[in-house]
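Asks: We have chain X; now place chain F onto it with these hints.
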Amino acid sequence: MSPAGNSQPRSELIDSMYKFFLCLRYLRKRRIAFFAVAAVCLCVAMVLIVFSVMDGFLRMVRDRSRGMLGDLVVENQSSLQGFYFYQEFIDELKADPQIGPHIQEATPVIYTYGVVRYPDSQITKPAQVSGIRLDEYRKVNDFEKGLFYEKYYPGTTTLAPQRIPGCAPTAEGVYVLPPDIEAAWQKWWASATPQERAKAPIDKRWPYNRVGQYWPVPLEELAASDRPGPMWYGSELPGIILGTDMCATRDEKGNYERYHCRGEEVQVTLVPITESGQLRDATGPVRDIFRFADDCRTGVYDIDSMAAYVDFDRLQKLLNMNYREWTDEDTGQKVVNHARASQVQIKLKPGADVLAVRNAIRARWDAFSGPRLALVKNPNLMVGVRVLTWEEKQRTFIEAVEKEKYLVTILFGIISFVAVLLIGCVFYMIVQQKTRDIGIIKSVGATSLGVAGIFISYGAAVGVVGGAVGTVIGVLFVHYINEVQDLLKWISPKAEVWNPQVYIFERIPNEVNPWHAAFIYMVAIVVSMLGSLIAANKAARVWPVEALRYE
Amino acid sequence: MSDAILHAVNVRKSYILGKVVLKVLKGVSLAVQRGEFLAIMGSSGSGKSTLLHILGALDLPDEGTVVFENQDVFKVPNARRDRLRNVHFGFVFQFYHLLPELNVLENTLLPGMVGTSFLGWFSEGRRRRRYAAELLDRLGLGERIRHRPNELSGGERQRVAIARALVNRPQVLLADEPTGNLDAATGKEILGVLKTLNQEGQTIVMVTHDPVVAAAAHRIVHLADGRVTNRKA
Chain X
139 MSPAGNSQPR SELIDSMYKF FLCLRYLRKR RIAFFAVAAV CLCVAMVLIV
189 FSVMDGFLRM VRDRSRGMLG DLVVENQSSL QGFYFYQEFI DELKADPQIG
239 PHIQEATPVI YTYGVVRYPD SQITKPAQVS GIRLDEYRKV NDFEKGLFYE
289 KYYPGTTTLA PQRIPGCAPT AEGVYVLPPD IEAAWQKWWA SATPQERAKA
339 PIDKRWPYNR VGQYWPVPLE ELAASDRPGP MWYGSELPGI ILGTDMCATR
389 DEKGNYERYH CRGEEVQVTL VPITESGQLR DATGPVRDIF RFADDCRTGV
439 YDIDSMAAYV DFDRLQKLLN MNYREWTDED TGQKVVNHAR ASQVQIKLKP
489 GADVLAVRNA IRARWDAFSG PRLALVKNPN LMVGVRVLTW EEKQRTFIEA
539 VEKEKYLVTI LFGIISFVAV LLIGCVFYMI VQQKTRDIGI IKSVGATSLG
589 VAGIFISYGA AVGVVGGAVG TVIGVLFVHY INEVQDLLKW ISPKAEVWNP
639 QVYIFERIPN EVNPWHAAFI YMVAIVVSML GSLIAANKAA RVWPVEALRY
689 E
Chain F
2 MSDAILHAVN VRKSYILGKV VLKVLKGVSL AVQRGEFLAI MGSSGSGKST
52 LLHILGALDL PDEGTVVFEN QDVFKVPNAR RDRLRNVHFG FVFQFYHLLP
102 ELNVLENTLL PGMVGTSFLG WFSEGRRRRR YAAELLDRLG LGERIRHRPN
152 ELSGGERQRV AIARALVNRP QVLLADEPTG NLDAATGKEI LGVLKTLNQE
202 GQTIVMVTHD PVVAAAAHRI VHLADGRVTN RKA
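Chains as they are written, first to last, in the working numbering: chain X, 139 to 689; chain F, 2 to 234.
Everything hinted at is true.
The calculated label-pair distances, taken between Cβ atoms and stated as ranges, are:
1. Phe123/F with Pro332/X: 55 to 65 Å
2. Pro78/F with Phe657/X: 38 to 48 Å
3. Pro652/X with Pro78/F: 39 to 49 Å
4. Ala185/F with Met567/X: 38 to 48 Å
5. Ala185/F with Glu684/X: 23 to 33 Å
6. Lys27/F with Trp681/X: 17 to 27 Å
7. Leu18/F with Ala656/X: 52 to 62 Å
8. Asp491/X with Phe123/F: 51 to 61 Å
9. Arg170/F with Glu684/X: 21 to 31 Å
10. Val683/X with Asp211/F: 18 to 28 Å
No lab work stands behind these hints: they were computed from the structure.
Cβ coordinates follow ideal geometry from the N, Cα and C atoms, glycine included.
Looking at chain F on its own, in the form it has when it is part of the complex:
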């Protein structure tokens, strides 16, 4: 626990669906070690995506705390939390979620632009651009930086999403079913990318329902019925 970079304690979350209160997380505690590749596994509806969102400060828990580098993520002002998402966390989604109007490079640069002022961009833009291009090159997209998302394959789009997640050099990469929308071969390729990143020291938390995918991680946490279990769901 001493080297935990991200630490969730007794996180509870429920949604209201019509008249039914749906308890998605019923007190989840979890620690992510620095440099770890953690997989959160569970069946559909087990609350694993919600947990990931809460870990990444994208969603708010009803109860419980999330501590990132010794600060309670949900006790800081909104602006600070937005800043955490911008700088310290990187998200990769199942459906890539790229902006269709922007090309590959621009999509990758987006978090950088969010964190930089208009004037700051004049001084920093070039450096950020170079880093983003490097990142895309490493991910095998060096030739595609001027293409728009709709001109790319699924695997390529997911690699752009990974580049975008990494562009601000986050401490934690949060991936929500990153291979869920890809065929087996492409999924394997994306998984390879994540593994390589992890080997270089990137902390990764990945959500998946697929045991084969989860097997790529150092450690697997099973989630069932809103709780962490030791058994496979």
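Next up, chain X with everything else stripped away, as it sits in the complex:
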């Protein structure tokens, strides 16, 4: 009793050869299975595309959010007046043996609202005016990366008082920039890669063949000068950096066309608010004139279309937020107005535990502010101070996108269950058609579990094939998603789905996280197997004698 077929005693042949063989054969020979494969393929591609774009969007939002703030902020969220003793607190933090070593840089910032006016063109715009210490601010966040002139003329952007850099023709009639500006340009040119040089937005309409826009030095200035040529001219005025969308328009390709020259006058009108939150009736709005030094792009349109950055001390003084000592004429008592700032931004050293430092700073602030409450006119401004991580500060912004990401993914996941139903129907039909064959397979000794296994393997095979094709389609689509949009726009300009002004970023995120892709692929396989369960169960219940009775 040892026939060839009996050589391997096995009680349950779950992994029998025929399952693989038959499921692959059915996959190839049953055309109806292609519908199931196509459904899985499309669903996988769809979910992968949606998830990747949303995830990329979220990542960009997070990067930008962090880039705008540094790691931690100390601020009084609930008021425009800011809070007191910011500098003392910064100094104390830096000196603190626990906190100090983690701090890379900390800088105070003032935020206020105002109106920007260009006297030359007599155009007026609303603005969110920030007072920053440029030297510190650029170390705390990514502000510097967005500066336009500073990129091509490194070291030339400042908020300090400055004159107008003017170009002038040489004896040969070639227009050139002032020597220090030209030297900065040469410095950039030397450090730039060939690609960067080719991408530099040199405006050919201007005669000096350089990036950006410069006035020609007026003739009377040239005549008055003992060394006529390109030079800084005009009166000294403090610098201002404007959001790029405040001073430039963007064309369809996303390139900016700037319509203000470096050094142009910019008028800023502000409304000082007293410590108690009153508008100052005595002085009314205050006004100051600045020179346009640079434009800055954070990439967030809402900010770039409103932002104006001026020197911290200057803005503080304009808003009466600086330290002042004076004598009250009525009472003859000495009065002190302590300096105020809206926010302190803190950049931590790499590797620092952001939450731990935040908690330490919170504790520090409580100890720091307590004894000083009695010194100030409005203690509420001190009590309302919060210490937040960049993520907490931007929570509403980030969370909205996070929620959107999961919501959209869930929606598309639900739509994907259509694929499960389709697989269920297709497989049910196949089992219905194949009842006799199932009977045959059982008659030669296949177990019920084994027959069910054929269809579950079949489901898995549909998932493997459909998922693989879908993943490839999804990855390619995401990779070329901007080109796809360009194509749509070319066919019809109205087809632009990604409006940079709506979506903050000019390009659609086009990266696929391989782990996400693998996860979606696995889910597709599991879901396809689930889709085959009902049919597999039906197949397992086929009674061979019934199935084989008739032809």
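Replies: Chain F in isolation, oriented as in the chain X frame:
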């Protein structure tokens, strides 16, 4: 009885057709000797196919036992019974019952694949393939192994079914009207194949309604009205 390979005792089976209980087998006892060619004869509806299915562990009796090589076929776990069907019994049906998607060789290999694991097939596949091809060659299908069932004649299809039934070298070959769907000449040819197999030692149980076909067997058991009789039905 001492050399009985397959032994049915008092087998009863009924079907429910609507509200009527149809008693198909009313206590059938039967012994199949090793190496025997047994024909079960009876008219249509006499229960002979049902008896064959029960003998081959393809169907369950309501009562009674079937003993194969000293083990009660219906008292072992399902998996063991499936294994019996796979290894120890080979079925040949009137309507051939080949899988249309598979070619001749693949159809023949099917029981072998059912009994072999995926990994086992790598080591055993070649040997099984060779044996199946040999078997098909002996049955005159050597040139047809890549053909699909729908490209074959009835006789050829039945020979494929016989090859499939034999591929795991079963102890008992169970044939249900193997010539029932064939013309006289082809039927005779299939009967010749069965006779030759029997001469080589294969135990065969064949169900038929045709006395001419039954005459090929060593012994004929008549079935009438769900019972074994001595008279011809």
